[in-house]
Amino acid sequence: MIDKARLTAFAVVAALSLGTGWQLHAWKVAYDLERDRIAQEAADALVREISGKTLEQIAGIRIENKTIYQQGRTEVLRETIYRDCVLPDSGRRLLESAREN
Numbered sequence: 001m002i003d004k005a006r007l008t009a010f011a012v013v014a015a016l017s018l019g020t021g022w023q024l025h026a027w028k029v030a031y032d033l034e035r036d037r038i039a040q041e042a043a044d045a046l047v048r049e050i051s052g053k054t055l056e057q058i059a060g061i062r063i064e065n066k067t068i069y070q071q072g073r074t075e076v077l078r079e080t081i082y083r084d085c086v087l088p089d090s091g092r093r094l095l096e097s098a099r100e101n
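Its first residue numbered 1, the sequence shown is counted upward by one per residue in the numbering used here.
All the given hints hold, so there is nothing to weed out.
Derived Cβ-Cβ restraints for the label pairs, each shown as a range:
hint	residue 1	residue 2	range
1	A30	G52	27 to 37 Å
2	E34	I2	40 to 50 Å
3	A9	L46	52 to 62 Å
4	Y31	A9	24 to 34 Å
5	A98	Q57	55 to 65 Å
6	S90	R62	55 to 65 Å
7	E96	I68	33 to 43 Å
8	H25	R48	27 to 37 Å
9	V86	E56	53 to 63 Å
10	K4	A30	33 to 43 Å
11	L46	D84	48 to 58 Å
12	Q57	V86	46 to 56 Å
13	D36	Y69	51 to 61 Å
If you are wondering where the hints come from, they were derived from the structure by calculation, not from laboratory data.
Where a beta carbon is used, it is the ideal one built from N, C-alpha and C, also for glycine.
When you get a sec, could you build the whole thing from the sequences and use the hints?
Written out as structure tokens, the structure is:
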């Protein structure tokens, strides 16, 4: 009879512990979800604010085409500069004579 009473008491304590643990877990999950929801709402508000400011700044952009110089520019090279290859003097003379003719 004592063993049956102990077994019953153990079963009751186990059931109460399981129920209490399950309820505490449910409360923690609800708390975590609420905290995540609040953080997401804050992030969404920040994104809306930044998006609004960005759209406002984009709407304020004005495109203007301006001419800076009213004249053509001519550049004259006084010396022949070969950047791509190194030619001997005879090759340079042949190239210059080909350009002149």
